[in-house]
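Colleague: Sequence:
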Amino acid sequence: MVGPSIFVIGLENVVLTAVHLYVQTKVLDFILEGFNPKKQVLIISDRHQEIADAIDKKIGRGMTFLSGEGYYSKSQKKVILIIVNRQQLMPLNRIVTAIDPKAFFTISEAQSVIGEGFSYLISDEQYQQKTNDFIDNQSE
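The numbering of the sequence shown is this note's numbering, which starts it at 779 and goes up by one.
None of these hints come from the bench; they were simulated from the model.
A virtual CB, placed ideally from N, CA and C, is assigned to each residue, including glycine.
Keep in mind that the hints are not guaranteed to be accurate.
Restricting the straight-line Cα-Cα distance to at most 27 angstroms, the calculated cross-link-like pairs of lysine-lysine (DSSO-like) are [what the hints assert, rightly or not]:
| hint | residue 1 | residue 2 |
| --- | --- | --- |
| 1 | K836 | K852 |
| 2 | K816 | K908 |
| 3 | K856 | K804 |
| 4 | K880 | K856 |
| 5 | K816 | K835 |
| 6 | K880 | K908 |
| 7 | K855 | K816 |
| 8 | K835 | K852 |
| 9 | K855 | K835 |
| 10 | K852 | K816 |
Distance ranges between label pairs, derived from CB positions [claimed, not checked]:
| hint | residue 1 | residue 2 | range |
| --- | --- | --- | --- |
| 11 | V797 | G840 | 37 to 45 angstroms |
| 12 | Y849 | E903 | 41 to 49 angstroms |
| 13 | D914 | V792 | 23 to 31 angstroms |
| 14 | T842 | P869 | 13 to 21 angstroms |
| 15 | E903 | V857 | 33 to 41 angstroms |
| 16 | Q854 | N915 | 51 to 59 angstroms |
| 17 | E847 | L789 | 19 to 27 angstroms |
| 18 | L789 | Q906 | 32 to 40 angstroms |
| 19 | Q827 | N910 | 44 to 52 angstroms |
Throw the hints in and build the complete structure from the sequences for me.
Modeller: Laid out in structure tokens, this is it:
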């Protein structure tokens with residue numbers, strides 16, 4: 779699709795169109811989701827209580843304990859589930875590795891976080907209003 783477009787509208791216009799679409803998509807994402815992406819962290823450690831206490835004291839984030847079982851060891855494990863922002867990620871990493879260098883943890887992008895301490899769902903009317911405002915601003 780891009781190939782024939784180059785001959786019809788020119789390479790410069792194709793590139794500008796692609797850039798415009800990318801920027802417009804990012805702006806719409808920002809309007810609908812906000813500019814504060816969150817990270818979901820799962821921490822597996824035998825020292826889960828110490829880690830949780832340190833996170834609460836130093837970062838002030840709530841967390842949830844999940845129950846897990848090691849596949850090979852068949853031993854029961856507590857898994858810490860916590861949602862943090864980018865600024866809290868490095869301190870969290872330091873806390874976990876300082877307490878338990880053998881801890882296993884994963885960091886994932888949280889597409890949307892809704893609930894206490896984070897954002898709440900907007901109503902259909904608010905969504906429609908934000909979308910209309912965005913479209914109106916684009917046509918000006």
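Colleague: For the range 13 to 21 angstroms, tell me whether the beta carbons of T842 and P869 fit it or not.
Modeller: For P869 against T842, whose Cβ atoms are near 19 angstroms apart, the range 13 to 21 angstroms holds.
Colleague: Quick one: are L789 and Q906 within 32 to 40 angstroms, going by C-beta?
Modeller: Because 38 angstroms falls inside the window, the suggested range holds.
Colleague: Mind checking the alpha carbons of K835 and K852 for me, to see if they're no more than 27 angstroms apart?
Modeller: Answer violated: K835 to K852 is near 32 angstroms, above 27 angstroms.
Colleague: With 37 to 45 angstroms as the target window, see if V797 and G840 comply at their CB atoms.
Modeller: Given range 37 to 45 angstroms: holds, Cβ gap about 41 angstroms.
Colleague: Checking one constraint from the list: CA of K856 to CA of K804, max 27 angstroms. Satisfied?
Modeller: 38 angstroms, violated
Colleague: CA of K880 to CA of K908, is that 27 angstroms or under?
Modeller: 46 angstroms, violated
Colleague: Take a quick look at whether K852 and K816 sit within 27 angstroms of each other, Cα to Cα.
Modeller: Roughly 32 angstroms separates the two Cα atoms, so the pair is violated.
Colleague: Given the hint of 23 to 31 angstroms, check if D914 and V792 actually sit that far apart at their C-beta atoms.
Modeller: Holds: the Cβ-Cβ distance is about 28 angstroms, inside 23 to 31 angstroms.
Colleague: Per the hint of 33 to 41 angstroms, is the separation of the Cβ atoms of E903 and V857 within bounds?
Modeller: Given about 39 angstroms between the Cβ atoms, the range holds.
Colleague: Under the criterion that the straight-line Cα-Cα distance not exceed 27 angstroms, is the pair K816, K835 satisfied?
Modeller: 20 angstroms, holds
Colleague: Sort out whether K852 lies within 27 angstroms of K836, counting only the CA atoms.
Modeller: 33 angstroms, violated
Colleague: Within a Cα-Cα threshold of 27 angstroms, do K880 and K856 meet the stated pairing?
Modeller: Cα-Cα ~14 angstroms, so holds.
Of the numbered hints given earlier, the model fails hints 1, 3, 6, 8, 10, 17; all others are met.
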